[in-house]
Structure formats: C-alpha cells, structure tokens
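Full structure from sequences and hints, please.
Next come the chains, spelled out residue by residue.
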Amino acid sequence: MKTETGVAAPAESVPRPALELPGRSALLSRAGWSAFVIAVLLVCVLAPLLNLVVPEGSALHLSDYAVALLGKIMCYAILALAMDLIWGYTGILSLGHGLFFALGGYVMGMYLMRQIGREGNYKSDLPDFMVFLDWKELPWHWALSDSFVATLVLVLLVPGLIAFVFGYFAFRSRIKGVYFSIITQAMTFAAMLLFFRNETGFGGNNGFTDFKRILGIAIATPGMRMFLFVLTGCTLLGFFLLARALVRAKFGRVLQAIRDGESRVMFCGYSPVGYKLAIWTISAMMCGVAGALYVPQVGIINPSEMSPANSIEIAIWAAVGGRASLIGPIVGAFVVNGAKSWLTVAYPEFWLYFLGALFIAVTLFLPNGIVGLARRWKRGGQ
Amino acid sequence: MTPDLLDEGAQRRDQLQAARVSGRTESGGRQAGFSRIALPGEVDVTHGRILYLEDVSVSFDGFKAINNLSLDIAPGELRCIIGPNGAGKTTMMDIITGKTRPDAGTVFFGSTIDLLRYNEPQIAQMGIGRKFQKPTVFEQLTVFENLELALKTNKGVAASMVFRLDSAQSDHLAQLLHTIQLAHDVNRLAGNLSHGQKQWLEIGILLVQEPKLLLLDEPVAGMTDEETARTAELFLSLKGKHSLMVVEHDMSFIRAISEIVTVLCDGAVLAQGTLDQVQADERVIEVYLGR
Numbered sequence: 001m002k003t004e005t006g007v008a009a010p011a012e013s014v015p016r017p018a019l020e021l022p023g024r025s026a027l028l029s030r031a032g033w034s035a036f037v038i039a040v041l042l043v044c045v046l047a048p049l050l051n052l053v054v055p056e057g058s059a060l061h062l063s064d065y066a067v068a069l070l071g072k073i074m075c076y077a078i079l080a081l082a083m084d085l086i087w088g089y090t091g092i093l094s095l096g097h098g099l100f101f102a103l104g105g106y107v108m109g110m111y112l113m114r115q116i117g118r119e120g121n122y123k124s125d126l127p128d129f130m131v132f133l134d135w136k137e138l139p140w141h142w143a144l145s146d147s148f149v150a151t152l153v154l155v156l157l158v159p160g161l162i163a164f165v166f167g168y169f170a171f172r173s174r175i176k177g178v179y180f181s182i183i184t185q186a187m188t189f190a191a192m193l194l195f196f197r198n199e200t201g202f203g204g205n206n207g208f209t210d211f212k213r214i215l216g217i218a219i220a221t222p223g224m225r226m227f228l229f230v231l232t233g234c235t236l237l238g239f240f241l242l243a244r245a246l247v248r249a250k251f252g253r254v255l256q257a258i259r260d261g262e263s264r265v266m267f268c269g270y271s272p273v274g275y276k277l278a279i280w281t282i283s284a285m286m287c288g289v290a291g292a293l294y295v296p297q298v299g300i301i302n303p304s305e306m307s308p309a310n311s312i313e314i315a316i317w318a319a320v321g322g323r324a325s326l327i328g329p330i331v332g333a334f335v336v337n338g339a340k341s342w343l344t345v346a347y348p349e350f351w352l353y354f355l356g357a358l359f360i361a362v363t364l365f366l367p368n369g370i371v372g373l374a375r376r377w378k379r380g381g382q
Numbered sequence: 001m002t003p004d005l006l007d008e009g010a011q012r013r014d015q016l017q018a019a020r021v022s023g024r025t026e027s028g029g030r031q032a033g034f035s036r037i038a039l040p041g042e043v044d045v046t047h048g049r050i051l052y053l054e055d056v057s058v059s060f061d062g063f064k065a066i067n068n069l070s071l072d073i074a075p076g077e078l079r080c081i082i083g084p085n086g087a088g089k090t091t092m093m094d095i096i097t098g099k100t101r102p103d104a105g106t107v108f109f110g111s112t113i114d115l116l117r118y119n120e121p122q123i124a125q126m127g128i129g130r131k132f133q134k135p136t137v138f139e140q141l142t143v144f145e146n147l148e149l150a151l152k153t154n155k156g157v158a159a160s161m162v163f164r165l166d167s168a169q170s171d172h173l174a175q176l177l178h179t180i181q182l183a184h185d186v187n188r189l190a191g192n193l194s195h196g197q198k199q200w201l202e203i204g205i206l207l208v209q210e211p212k213l214l215l216l217d218e219p220v221a222g223m224t225d226e227e228t229a230r231t232a233e234l235f236l237s238l239k240g241k242h243s244l245m246v247v248e249h250d251m252s253f254i255r256a257i258s259e260i261v262t263v264l265c266d267g268a269v270l271a272q273g274t275l276d277q278v279q280a281d282e283r284v285i286e287v288y289l290g291r
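Going line by line, the protein sequences match chains D and R.
Take the first sequence: its position 263, counted from the start at 1, is 263 in the numbering used here, and no numbers get skipped.
Take the second sequence: its position 96, counted from the start at 1, is 96 in the numbering used here, and no numbers get skipped.
Simulated from the structure, these hints should not be mistaken for lab results.
Take these hints with a grain of salt, some might be off.
With a straight-line cut-off of 27 Å between C-alpha atoms, the simulated DSSO-like cross-links for lysine-lysine are [what the hints assert, rightly or not]:
#1 Lys239/R x Lys212/R
#2 Lys176/D x Lys99/R
#3 Lys99/R x Lys241/R
#4 Lys176/D x Lys134/R
#5 Lys99/R x Lys64/R
#6 Lys239/R x Lys99/R
Shown next as structure tokens:
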C-alpha cells in the first residue's frame, strides 16, 4: 500500500489529462426547435386558414367540430404536462389534479356568468341560478368576478394557493406514495361535494353555462372560437418550454433525485419540502390555466369535472404517453382523447373497458409509454 | 537541586510557554476561554472534540437500540467502529444525522452546536456527510449530475433554478472525479455502474459537500480486494483534513486504516483502543464468539 500513493495526492503530483465536463444541454435540440416552430405554425397559421378561409365544402376544410375537439384536447395536454412535472419527474402521483383544473375553470366561469349581464332568462343583474335561489345580492366570493384582470390573476392564484396550503401540510408531514395519492383523491371528491351544494354559490350541480360574451365580444362566433384555439395552442407550447426550462435546470435534477432517493437528497443538504411544494404549486397553476381556457371553449363547467375519475384519467394520459419526457404526456393526451372521442361515438359501451385495458397494457408492456416505444424503435433501427 | 533537575524544569517551562504562545493546550488554549465568541453555524473544535455523544439512549418498541452511549471524536481523527449485528451502529449514525431522535442524552457537533435541534438537511449543510450501508446514488442521473447535485452551494429552491457551475467548482469536480476514479464514466448513468463504483460515487458525493465529519457505514462492503485497498488509501489521505467515523466488518480493512477502534455492543461502548488491544479484550472475544 505504501508503494502506490497516487490516491493520496492526485491533484498536485500526478499530471492528469484535461477532463471534459459536460456542459449545459440546450433548451431544445436543433430538431426539437424545428418541431416546435412547425407546431407553432400549425396552431397559429394552418389551423385558422383551414377553418376560416378554406370553404366548407373543400376536403381540406377543418370543421368547427374538429376545432372544438382539438382545442379541448390541448387543454387536456396542458393537464398531462402538469402531471408529468409532479408525477414523472418528482415521483408524486396526484389523483387530485382535476380539482385545480376545475378551480381555474370556475374562476373563468364566474367572469363569463357576469358577462351575460341582463340577457339571462330572468333578465336580472344576478346570474340566473341566484335569482332561482331567490338571492338578492352577489355573495362575497363573487366580488372580483366583474373584472377580467382580477379573473386572470385568480385563475393562477386560487389553484396555486390551495395547492400551496395543502402541499405544505402534506409534504411537511412527509406524506408520500399511495397515501398522498389517496388524500389528493379525497380532496377533489370533497370539493366536488361542496360545489354540488347550491348554498356554496357555484350553481350547484348545473354549474355555469349559457355564456354569451368575453370582454364584451360574442363568444360563439367562429373568429372567437379560433382565437381561443390559437391561445390554447400557444399556452400549451409556452408551458412546454417552461417545463423544459424547469427540468433542465438543477432544480429539475433535484426533483428527479427526490424521486429516486429522497433520504440521500436530505443528507446532501436539500430540504425536499421546498422543492416538492414549488413544483406542486407550479403544476396546480398550470392546471388552473388549462381550466380557464377550457371553459369558454366547451361552454360549461360543473362539479363533475372534479370527480375522482377525471383526475385518474390525467394520470393515464401521462402514463400512456410516457412519464418524465414532457412530450410523452402531451402525445398521450392526444392519443387517449382521440381514441375516446372516436370510441364513445362508435362503441359507447366499450370505452371504459378500453381505457382500463389500455392502462393495464401500458403498465405491463410499456413502462415508458409511447415515447419509450418510439425511442426503442429508433435505437433498434440504427 | 541537581543540574538535570534544573534542566528538566527549564524544559517544562519552555514547553508550557510554547504551548501558551501557539494556543494549543489540552483544553483548547487561550481560544477556549470564556470570552471567546461562538459563531453561529461555525463548528467550534477548540476543546479538541468535533463530535460528542453523552448518555444517549433510544428505544424502539421497548427494545433499547442505544443504551447510555457516550463517545467522542477528535478533529482529524479516523475512528473505526465495530460490533456484532444489532449493536446499534447504524442507529447511532441515524441519531447523529438527525434521522432518529434519541429519548435521552446530548449530541454535540463541536462544542457549540446541539445536533438534536436540527433536521437532516440542516445537519448535512453544517458539514456532516453520511454514506449509507447500501450504496444510494441517484440512479437516473449521470455520475457528473450526481456530484454536481451534492456540490456545496446554496441549496435553496430559487438558487437551484439559476444555478450554473463556475470554474472553481468544475475544477473541484474534475479533481474529485480523478480521486474516486470515475473520470472516464462522467456521462454514464449512476444506475449502470458496478457495485464498487457506486460505493465510490457515494463517497464522492460526500466529499464534494466538503464535510468536516464523515460517517461511513460499511464503505467497502461488496468491493474487490483492489478496490478495498484503494479505499483504505483514500481514507488515510482524508484523515487530518476531515474527521471520519467508519463502521466496518472487514477486519483487514480496519487494520489498514485504524488508530483507535471502538467496539459497540447492545447500544453501548464495550471497549476502546488499538485493534490489537481490542482483539485481546476478553469481553470483546466473548461477544463475538459467544453468539
């Protein structure tokens, strides 16, 4: 042992070869940027052209039905992306993300209800359901619903704040794994029951509907529909870049480290609570934005959006597409929802069986989802 | 008064004077006086002890895992801990690192920091690094990312979002990668390393945090003889700069690195001394052979 003292002083005595340390990876690869630009063009140029300019008889015409469907699926894709940040990267399976989505939707819905003005069935200043319940004035929590700016802020703030408070107590108490999932599930279920009640002031089980206009502009015109579609697409792409940036930073690597070995992370001097709370809140706010974009496009929001099954579906989209890849869950949301809109028309009674079988198949045979399969093919082909 | 007695007296006076001037006495010299300033977060080792456990007890469901354990470690010391299974070695490390709260007793880091008041991340940031019995590295990250993550920097959330490696840190990482012999595996996923390499990577994760005290739970388990020998060299080179507490079962490894060996049994110190002294101790022979 005396003869080899190289380890004792490796830096000073032995001249060592220059070591290439890996630099920071780019936000997107060259091919990634190309695909991104194509996606932007598809959403912002091609879709409006095909829908508004190409005449309806033409084979290239994008029907209003397709625009509505794609717009809806893009909202779902934002949800799946948010789910990937918290589940795929941080290893925390949330079965309550539908709640944050619905909260964002309700905030937007309240604004849209106020925009109806006196054109409701009862010709009152108050929303119809309040007149029906014989309420004389707006409840306190509707105070900011006339302001569009306040609505935009609340769309982020309400889900963010609720997620923050819930997450703070859950993460501080070191609730993990399946227990956390069950509690989030219970949280969204409890919220659903609360929103079903008439006296909470959210329209009970009918929720909000019959929206007329947004910012004073009629909501049901082709132009507005297309605008919302483009806005949703751009939001999805923007969130994708944001998520890339988060994941690529050291922050993202700490998240993955928490997923793979939380105690090691703690003994490295990191407090996991702050990291989990940050990504959990960011994820919830993304869901809120998705909900706010969803409601004006589908024209209705009611408590069934908070049902546990909806939240579970989000997890399925992420799993089918491929976790911890960002692009995977987006693909998963399109594939599963595309299949859903086709199957529920063609074979309505089989949809749930199909969904269950899909989830089992993915879990058993495709642990890395569609993206993992594509990567394997690519590697096999080379 | 004979001349040699006079000489002896003069020598003793010189030594005392020298010790006073250098500020190094058994009790910590002048710096250990009452008027010294205790800096928060700074480890105070003027009294010559970096880790100090006294009368620590902890029981799980009635089973006394640690039973009135008292133990202390000097700065720069390499202390080996041995003991039969269930002696409380890992539990002791759990207590020092904040994972387990003891029922009674005191645990001090230096003479001013009461470790029982802090949690795991805080204790890690103060400078106590820990290697687990089973090598735990971040399997889905590369070797480089593993080390970069552990690097001693601001570990807050906001700081992690804008973190960039500066040149001093990259030099440090490059040097460390050579020390742990993983320079050629920088971009490999940690999960694909061999068992011995994972052990080394975990030691690297500790060292990159620049800890003052390292707790190493069975660091050479599953290593080849050559890897074990290299680990022994590494630890000997760390001695002096860091304080180390090594729990091991491999006696030849302990013989290679140890000065003082502490034997734990049933949650308390059974014997302490050089390996030869300890191995000759009747009680130690009894607990090892009597079971």
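Verification of the supplied hints:
For the hint linking Lys239/R to Lys212/R, the alpha-carbon distance of about 11 Å falls within 27 Å, and the restraint holds. Restraint check for Lys176/D and Lys99/R: the C-alpha separation of about 17 Å stays at or below 27 Å, so the hint holds. Restraint check for Lys99/R and Lys241/R: satisfied, since their Cα atoms lie roughly 26 Å apart, inside the 27 Å limit. Restraint check: the Cα-Cα separation between Lys176/D and Lys134/R comes to about 22 Å, which is no more than 27 Å; the hinted pair holds.
This hinted pair checks out: Lys99/R and Lys64/R have alpha carbons roughly 17 Å apart, not beyond 27 Å. Restraint check for Lys239/R and Lys99/R: the C-alpha separation of about 26 Å stays at or below 27 Å, so the hint holds.
Going through the hint list in order, the structure satisfies each hint without exception.
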